[in-house]
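Visitor: Residues per chain, in single letters:
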Amino acid sequence: MDVLRKTVNFELYKERTDEDLVVETLKCDDIYAVLIDRYQKKLTRYIQRISSLSNEDAEEILQEIFIKTYKNLNDFDTSLKFSSWIYRIAHNEVISHIQKIKTIPFSSLGQEGINEEQESLAEKIATDTDIEREFDKKIMRDHITSALGALDKKYRDVLILRFLEEKDYEEISDILQKPIGTVSVLIKRAKEKFKNIVVEKNIHTEL
Amino acid sequence: MNDIDKNIIEKIKSGKITKKPKWIFIIERTGLWVLLVSTTLICSATFGVILFSIVDHDWNMHEIIGKTFFEFLMISMPYFWIILLILLSLLIYIEFKKTKTGYRYMPHIIITAIALLSVILGIFWHFLGVGEVIHEFVSNNIPYYEDFVYNKKDVWSHPEIGLISGRISSIEDGRFGLVDWNGKMWEVYASGTIWNGTATNTLNRRVKISGIKDDEGIFSAREVNDWKESVQIIKKMKQNRTPARSIE
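Chains V and E are the protein sequences, given in the same order.
The first sequence begins at 1 in the working numbering and counts up by one.
The second sequence begins at 1 in the working numbering and counts up by one.
Incorrect hints may appear among the rest.
[Stated by the list, open to error] What follows is a set of in silico ranges between Cβ atoms, one per label pair, in the way DEER data are often shown:
1. E:Lys13 x V:Gly181: 32 to 40 Å
2. V:Val199 x E:Ser38: 48 to 56 Å
3. V:Glu192 x E:Pro143: 51 to 59 Å
4. V:Arg45 x E:Arg29: 29 to 37 Å
5. E:Asp3 x V:Lys153: 57 to 65 Å
6. E:Val37 x V:Val199: 45 to 53 Å
[To be verified] List of simulated lysine-lysine pairs, DSS-like, C-alpha gap at most 30 Å:
7. V:Lys68 x E:Lys20
8. V:Lys178 x V:Lys154
9. V:Lys178 x E:Lys213
10. E:Lys19 x V:Lys100
11. V:Lys41 x V:Lys154
12. E:Lys22 x V:Lys42
13. V:Lys188 x E:Lys97
In case anyone wonders, no lab produced these hints; they're calculated from the structure.
None of the values given here were measured: they were computed from a predicted structure.
Beta carbons: idealized from backbone N, C-alpha and C, even for Gly.
Isolated chain E (complex conformation) (with noise of 0.2 Å):
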């Protein structure tokens, strides 16, 4: 067994074996923990995008649309989020594992240090609004991403049954003009129209808004709220369709 010392100590000295630079563990473990790191960001992110769809959503949309509450909410869980956040808490597990001293750490604590920095960090994005610029560039870059998301520019642009949103684009007296999503022109009748919570009526602003569609290109908005905002009042438009006031 004495050969063992021997081959070894020689092959070190004839150069055949030498030591790893201390660098290349620095960078490796300097890599895991960036990695690290950046998982976590934007796992947090995902999360604040899950926030901002939870925030951001019409709950009571559902009397519109004729579902019961309970169908809304499983058409309009945001499950590409919900996927990705899995994905990312199961990232930052394995690479947390990776880690030095990742092994000595009970899986349950692991768990709940990730969703616990996931939430706070989540709710630190969701009011910077990185929530909603994320799910905004992803709406607009990624294809079929509406499909897994509940999609509040779809269900606000049907006139048909009286929604419709956009960016106002002129004021008039009693009226303003409004470019859809889809960059259509409406003609908006406001007259006695209740403008609900923080809308205004302002150029640029975005709104959406319920009432009646007169004809191709012209409304009659009844209640007008913020497009952040939640609707307020439209439970009302279920049980009268008509628009509150007559259009000057």
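Excised from the complex, chain V in its bound form (with noise of 0.2 Å):
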């Protein structure tokens, strides 16, 4: 990065927007690494809430969508936000890399398994129900956080999007490429079953 601060002065770039960035980009190839820096922590996250990767593996795939994104600036609609452009790239990235290995996404975890990150998942949804109002919010979001693993992934990854990346419905539809509508179902659901799943696991420790 200090190599790349020396050629770039990214102080310079702050205040451009990433649409700005594709632009200059397109003309000059070391503006690139400052949208690399813009994204590169938030996809890191990205990937491992949606895959549970290893790191070694999240690094792999964050190096093939920059690397994709790059090939394929000149494809860039301007209609489009470019976090949800590279969003897109990187969720479709990591869907691939997990049918090659495949490995067995999220669902699959443990206790053990269990970060932070899905932790904070955890309450934002919970926040966003009521359930919060009858559980105790600490046994609650232990159960929330296995419910989640309980998700299918189609319903995961929209609570992922809606309340980790807190993107807007738009931003989802285009990330996932499915209509506005579909979404709004989807998050619909995808809450009511995992309000199901709590609601089911409470009672099951209790008896």
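Grab the two chains, each in its own frame, and use the hints to assemble them into the complex.
Guide: Below, the structure written as structure tokens:
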């Protein structure tokens, strides 16, 4: 990064939008470092949130994502947000990687695999539902976290994008390449299913 | 993690990674749209053929061939074109979804749009006569095609039950020559014959005739209908299988 900072003045581009940076990168390749710098942490977290891959695997995929994005910069549709576009590439890359290595993502995790990020997601979803009022928050968080693992991938994906990545419906639509109406239905169902699973788990504990 | 930045930029600088040129994307996108428009045109033409099959159908023929209307409907549906229409619609749906913003539309909106476009363009093709041209072309060039559609020519090529059809090849007083679809010559006696609709005794006109086969190559016409028009008075045939007037 230091080498790059010598050639690219990151401060100079601080106020520039991602979309502006894409235009600049098309003229000068060095500017791409600014985009990489902006997205590498966000994307690493996102990769791990949707896949539970190891750091090494996540890093490998991240590199692939940036390379793929760079190769296809001329295809970037300026009517989209750059973040939606790169998240879409990331999402597809993770799916393709998982299919290759046959890793079972997230849902197969036991309690040991639960990390801070997943707990954070659990809390955010909990705040968005009325479950919080009915259960002790601490106990509930454990249940919620394991409940997330029990959700279908399609529901987990939208919950992660909505509550952890804090994307709006239009962005989720662009990332997952689904109509906004479908995204809206998926989020609604995901929350319902999530709530049901949490309730079931609580009953189980009480028994 | 900072190594990622360095690695990628180094790869870019060393030329190991290059941006795909814009023209490749333009060609890909244009190609997809050309494919999409072509498929839509073919799909609408398919609907045009189905429309032609419906309009051109002799809907009351079931009485002549002794079937119920439903049975007749089942055996005369243009299955070939219906299956093709479904497959092409599916292809349009897939192609549209692959366009840059195709994913933003709900499936029911895309399906409705495909259906509307196919119907509107199909009606247009039908009135231009494209449906019939395609039907004729496929009939003449694709083996077994006629097994999958209502074969009007076949239905109207049964002199033993009083049905023949073809093109008028000569005109004389009280009779005319007819070449049927198999190239066979018929001498058709038409004195007192009812000429329905736009059917006229004109050279080269395509007609379908109901009446009685008198002998090999000799036929007495009771009614003559234009080949394209649906039969109007043929119901009477069932009640009375004899010619309307005596033959001169």
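Visitor: Next pair to validate is Lys22 (chain E) with Lys42 (chain V); report whether the Cα-Cα distance is within 30 Å.
Guide: Cα-Cα ~28 Å, so holds.
Visitor: Starting from the hint 45 to 53 Å, judge whether the C-beta atoms of Val37 (chain E) and Val199 (chain V) obey it.
Guide: Between Val37 (chain E) and Val199 (chain V), where Cβ atoms are some 52 Å apart, the hint holds.
Visitor: Is the Cα-Cα distance between Lys19 (chain E) and Lys100 (chain V) 30 Å or less?
Guide: It holds: about 25 Å lies between the C-alpha atoms, which stays within 30 Å.
Visitor: Under the criterion that the straight-line Cα-Cα distance not exceed 30 Å, is the pair Lys188 (chain V), Lys97 (chain E) satisfied?
Guide: 24 Å, holds
Visitor: Do the Cβ positions of Val199 (chain V) and Ser38 (chain E) conform to the proposed distance bound of 48 to 56 Å?
Guide: 53 Å, holds
Visitor: Taking the CB of Lys13 (chain E) and the CB of Gly181 (chain V), does the distance hold inside 32 to 40 Å?
Guide: Given a distance of about 45 Å, which is not inside 32 to 40 Å, the answer is violated.
Visitor: Can the restraint linking Lys68 (chain V) and Lys20 (chain E) be considered satisfied, given a maximum Cα separation of 30 Å?
Guide: 10 Å, holds
Visitor: CB of Asp3 (chain E) to CB of Lys153 (chain V), is that within 57 to 65 Å?
Guide: 31 Å, violated
Visitor: Holds or violated: Lys178 (chain V) with Lys213 (chain E), Cα cutoff 30 Å?
Guide: With a Cα-Cα distance of about 66 Å, the restraint between Lys178 (chain V) and Lys213 (chain E) is violated, given a limit of 30 Å.
Visitor: What's the verdict on Lys41 (chain V) and Lys154 (chain V), does the C-alpha distance respect the 30 Å limit or exceed it?
Guide: 24 Å, holds
Visitor: Take a look at whether the Cβ-Cβ distance between Glu192 (chain V) and Pro143 (chain E) falls inside 51 to 59 Å.
Guide: Distance hint for Glu192 (chain V), Pro143 (chain E) holds at roughly 56 Å.
Visitor: Straight-line Cα separation of Lys178 (chain V) and Lys154 (chain V) no greater than 30 Å?
Guide: With a Cα-Cα distance of about 11 Å, the restraint between Lys178 (chain V) and Lys154 (chain V) holds, given a limit of 30 Å.
The structure fails hints 1, 5, 9 (numbered hints given earlier, in ascending order).
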